[in-house]
Every structure is written in C-alpha cells, then in structure tokens.
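Undergrad: Sequence:
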Amino acid sequence: MLDRFYLIIDGTQWLPRVLPLGVKFCQLRIKDKSEDEIRSQVREAKQLCDKAGAVLVVNDHWQAAYDANVGYVHLGQEDLKTADFRALRSAGIYYGISTHDEAELDTALALDPEYVALGPIYNSTSKEMHWQPQGLETLKKWRERTNKHLVAIGGITLERASDVFSAGADSIATISDVTTATNPEHRTAQWLEASKNW
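Using full-length UniProt numbering, you'd call the opening residue of the sequence shown number 1 and step up by one each time.
By construction, these hints were calculated from the structure, which means they are not laboratory data.
Do not rely on the hints blindly, as some may be mistaken.
[Said to hold, decoys possible] Listed next, with one range per pair, are the computed distances between beta-carbon atoms:
no., residue 1, residue 2, range
1, K81, W131, 14 to 24 Å
2, Q77, G135, 37 to 47 Å
3, L21, E159, 29 to 39 Å
4, Q77, D32, 11 to 21 Å
We put the CB at the ideal spot given by N, CA and C, even for glycine.
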C-alpha cells in the first residue's frame with residue numbers, strides 16, 4: 001500500500017538522512033548518470049530501504065529495478081513503449097505511470113497500473129514542464145474517473161497538502177519542498193508528522 005507521503009529523491013545520498021526519520025515510501029529518480037552508476041545506486045537503495053522497512057520505487061529504469069528485484073517502478077509516458085510489462089507482472093513488480101492529460105490517463109489506465117500520477121498540480125520548480133498546472137479541479141475530475149490510487153505531484157508544499165488531499169489525492173509526491181529546504185530533515189519530519197492526521 002502506498003504511503004500518503006511519497007518522497008522523491010535524486011540519489012541514494014538522501015536515504016541515510018530521511019529513512020531514520022520514518023519515511024516509508026520513496027522514489028529514486030536518477031538523471032544523467034551512467035548505466036553502471038544507476039544500477040549501483042538502485043542496488044544500494046534497495047538494501048537501505050529493505051533494512052528500514054521502506055518501499056523503494058525506481059523511476060524510469062525498469063530493467064535495473066527488475067534485475068535488483070525492486071518491488072516498484074515508476075514509468076513516464078515515454079517509457080511505456082519500451083517497458084516489458086509482461087516481465088514486470090511476472091516478477092510481481094508494481095508500476096505507477098505519470099499522466100498529464102486525458103489521453104495519457106486513458107493510456108495509463110489501459111495498462112492497469114498500481115497507481116496513476118497526475119501533475120503538475122501547481123507550477124513545479126523541480127523539472128522543466130511542458131504542461132500547464134492541472135490544478136485541483138482536474139484532480140477532482142480524475143478522482144471521479146478512476147478508483148486507482150491517485151498520486152498528485154508538482155509544486156505541492158506541505159501548506160498545500162490538505163487542499164490536495166481534499167480534492168481526491170491518495171498520496172502526494174514531493175521533491176523540492178523537501179530537498180531544497182533549508183533543513184531537509186526538519187521538513188521531512190514536518191511532512192511525516194502532518195501525515196498522521198491525513
């Protein structure tokens with residue numbers, strides 16, 4: 001089961017900082033690294049998460065996740081053409097899929113994912129976005145369309161979390177609100193404390 005607080009990190013260096021605080025669901029989102037480095041980080045992240053009793057999600061690199069026996073992968077729309085869904089299902093690996101509009105939602109739902117991510121809800125500073133913010137009204141509409149676990153992402157701060165959950169999100173994925181905070185550990189602890197009331 002996905003946690004309400006879904007932290008996204010860009011490398012294993014974050015895990016010793018956030019796992020002891022109680023993070024139970026996190027995504028390893030590595031960009032611009034060699035295949036060897038990616039595989040090394042995936043293996044290390046799995047060991048650290050297993051030891052902490054946390055669920056690891058590997059972004060994009062489904063083959064590395066498959067080889068390391070990671071339980072979850074997260075796939076962007078561009079990954080759907082190359083991912084071997086039969087292999088993932090056979091290995092018992094769950095997958096979530098990014099979506100940004102109605103057509104992408106239809107595509108994702110046809111693949112029967114464990115969860116669907118919708119974004120950006122607000123303007124995002126974590127990555128260059130080609131889509132306009134979806135807003136809470138779109139989130140509400142998508143909640144009506146599917147009973148799949150719905151992950152909201154994009155520009156969501158802790159202060160906005162209650163509104164996002166009220167609009168229908170099951171989980172909130174956050175990157176910059178934690179990783180660019182003055183004190184990331186303190187910000188993570190604030191998210192975890194608030195999540196007890198969601």
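Undergrad: When you take the CB atoms of K81 and W131, is the distance between them in 14 to 24 Å?
TA: holds (19 Å)
Undergrad: Within 37 to 47 Å: is that where the Cβ-Cβ distance between Q77 and G135 falls?
TA: violated (20 Å)
Undergrad: Regarding L21 and E159, is the given constraint of 29 to 39 Å on their beta-carbon distance met?
TA: violated (20 Å)
Undergrad: Would you say the C-beta atoms of Q77 and D32 sit inside 11 to 21 Å of each other?
TA: holds (20 Å)
In summary, the numbered hints that this structure violates are 2, 3.
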